[in-house]
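There are 2 protein chains.
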Amino acid sequence: MSLSRKVQVGSVPVGGDAPVSIQTMWDRQVDRVDQDLVSAVNNLHAKGCDIIRFALPNIRAVDTLAPLLNSTPMPLVGDIHFDYKIALKAIEAGFHKIRINPGNIGESWKVEEIITAAAHKGTVIRIGANEGSLADSDHSSPESRSTALIEAAERNLELFEKKGFKDIVVSLKSSDIEVTYLSNKEFRKRHDYPLHLGITEAGPLIPAIVKSTIGLSDLLREGIGETIRISISDSPEYEVLTAKELLFNLKLRSGGIRIIGCPKCGRTQFDTHGFLESVREELNTLPVDLTVAVMGCSVNGPGEAKHADLGITGNGKQVLLFRRGEIIRREDICSAKEAFLEELDQLRREFSS
Amino acid sequence: MSLSRKVQVGSVPVGGDAPVSIQTMWDRQVDRVDQDLVSAVNNLHAKGCDIIRFALPNIRAVDTLAPLLNSTPMPLVGDIHFDYKIALKAIEAGFHKIRINPGNIGESWKVEEIITAAAHKGTVIRIGANEGSLADSDHSSPESRSTALIEAAERNLELFEKKGFKDIVVSLKSSDIEVTYLSNKEFRKRHDYPLHLGITEAGPLIPAIVKSTIGLSDLLREGIGETIRISISDSPEYEVLTAKELLFNLKLRSGGIRIIGCPKCGRTQFDTHGFLESVREELNTLPVDLTVAVMGCSVNGPGEAKHADLGITGNGKQVLLFRRGEIIRREDICSAKEAFLEELDQLRREFSS
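Chains as they are written, first to last, in the numbering used here: chain A, 1 to 353; chain B, 1001 to 1353.
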């Protein structure tokens, strides 16, 4: 598959030879940009999020969120429906990208005004076609549903192409895995716009992760999909962590911790789940490539842990820490976390230097 | 891919034309079989688990767990390491299947005693080869690691074949996706034993779900894998729900609820996440095929919800309930759960009759 066109969303390139970027969407209404919001957004960035989207349900929301533009290194996307004036305001405020469904903006001249403003300001526009909002989609087969979705996107693209506007990302979203696959695959054959992938309305945590992983893996392995959002009826943090895992496992992204952990079982002599929870924040925000093993079982534990950059395995009241095959520390269980974090910090320094 | 041989694990057939069965492993030490344990195990069954495994670290554990054999419809698997006497005891007690790694049982005569006892009693044996416990596996390439894993399993199989014992399930487990794929694919070409699939040491919830989904999807789509366990450093319930979602999305299993839910976003006017949590137990144990939509957003909500068997969407202080496109109820938000469960129950009765 040839590379897509590349667009620049603030500091983050999307498409072309850029790595697949991770997006999420903020999940609560924002009344003001305070330190809590800034911290939470930057924490998502530390966990692997590249671009974050906010709903802009009205003009006031643009003013409310504008201060965030200078408080996070992440590019901000404004999600806009129905009212073109919100889009104009968001572009003027400096949102790096806006997402619209031209179909619900109304008359062409309104969309044209958005295009003119975006071209002037260098704002990227995502054109989002969504199967759920198609009035007359044919539900007879995945193929015809896919065709309907592509045609909806192409109708939306016409105005942009007429005006020569190219800073576009396209999304073709469905809650159906097959429609998602077919429509994105066919669209990429016809157009070189970067594609934003996601399975929409994927549901609660476990169903959403499973469905999104199946639905996006094949496309991503074929080189289709330049930016992704895993939609989950849960927290943005989980969306980011899932996206990062997906890209990591498909070898499309490096960076971050690889955790090898025992499943819980009746043999476990060390509470791997509790231990992982206790060091989750430190692990998820580590900006280096490391494989960490947290093993609870004398049967498989030591065998797996020896291949990790850092390993910990419990045995009764003691823990053993490994570094690439060598036991480096033996500690009382009470000091396990402290010792582990010391070694992690040591590794981080070695990797960063 | 031709069908595997079929074995009978208690009431559950594994392999041949049987549907792919779901397994989990109990995650805590069991001191006695009380009502809490029985309820928890049967709750896993209601959620979709077909077969459950318990660690049997010593002979006493067999006695402790034996009463459960008559308290659950699920076949029980005993997980045994090192001591062949535990295996003999578990077979005698009526465990429907035992899982051993013949490599750590010791001398051949001990394994032969296990085989003789299992053949007499009709007990299935899973032969589990695990990359983590291979002494000298070659870590140079996925191909050679896969070959080492297959050879370990084949060495283990020799004694069983010599004695003509065929009630075997084989597992080839690795924490590496590619080694898992290659070894199972090649093993199936050489042998017709049912394969138990799983990615071992897959880690905490999100990494484990992503990694297992990627790692097992391709094999399952090729018809390889007759029973699966998703290993997660978390609760067995999550293992079962993930396995069920995986099989459902690959169209390998029907039964159970399909939940279409909005991702949380700043547009949401109805707390879909909270609502889903409040009805999770009822949804996850529903023994019929239904698509349920829980939508929070006026943009995509109604469009998607109209294709569901039952849909709910919020709008300010009211909720609307849909059945296959038609609004059937309009309720105050306070009565949302009650109304939803009434309609769900009505649907269940219609589907069951």
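Worth flagging that the hints you see were computed from the coordinates, not collected in a lab. Treat each hint with caution, since some may be false.
[Said to hold, decoys possible] Simulated crosslink set (EDC-like; lysine to aspartate or glutamate; CA at most 20 Å straight-line):
id, chain 1, residue 1, chain 2, residue 2
1, A, K251, B, E1112
2, B, K1251, A, E107
3, B, K1185, A, D218
4, B, K1251, A, D218
5, A, K185, B, E1161
6, B, K1251, A, D17
7, B, K1006, B, E1161
8, A, K251, B, E1161
9, A, K251, B, E1143
10, B, K1163, B, E1112
[To be verified] Every beta carbon over 12 Å from chain A, so not counted as near; a handful from chain B, in silico:
id, residue
11, G1164
12, K1211
13, D1218
14, I1230
15, E1237
16, I1260
17, H1273
18, V1288
19, D1289
20, I1333
[Unchecked claim] Only some residues are given here: those of chain B computed to face chain A with a beta carbon under 10 Å:
id, residue
21, S1235
22, Y1238
23, K1244
24, Q1318
A virtual CB, placed ideally from N, CA and C, is assigned to each residue, including glycine.
How the hints compare with the structure:
1. K251/A to E1112/B: Cα-Cα ~44 Å, so violated.
2. K1251/B to E107/A: Violated. K1251/B to E107/A sits at ~42 Å, over the 20 Å cutoff.
3. K1185/B to D218/A: 19 Å, holds
4. K1251/B to D218/A: Since the Cα atoms of K1251/B and D218/A sit roughly 16 Å apart, the hinted pair holds (cutoff 20 Å).
5. K185/A to E1161/B: Violated, at about 47 Å.
6. K1251/B to D17/A: 35 Å, violated
7. K1006/B to E1161/B: 16 Å, holds
8. K251/A to E1161/B: 40 Å, violated
9. K251/A to E1143/B: Distance ~17 Å between K251/A and E1143/B Cα, so the pair holds.
10. K1163/B to E1112/B: Status holds; Cα separation ~8 Å.
11. G1164: Non-interface label stands for G1164/B: nearest chain A Cβ at 29 Å, farther than 12 Å.
12. K1211: The claim is violated: K1211/B sits with its nearest Cβ about 6 Å from chain A, within 12 Å.
13. D1218: 9 Å, violated
14. I1230: Violated, because the least Cβ-Cβ distance between I1230/B and chain A comes to about 9 Å, which does not exceed 12 Å.
15. E1237: At roughly 10 Å from the nearest Cβ of chain A, E1237/B sits no farther out than 12 Å, so the non-interface label is violated.
16. I1260: 5 Å, violated
17. H1273: Incorrect as stated: the minimum Cβ-Cβ distance to chain A is 5 Å, not above 12 Å.
18. V1288: 17 Å, holds
19. D1289: 15 Å, holds
20. I1333: Its Cβ never comes within 12 Å of chain A, the nearest being 17 Å, so this holds.
21. S1235: Holds. Min distance 7 Å.
22. Y1238: 6 Å, holds
23. K1244: 9 Å, holds
24. Q1318: 18 Å, violated
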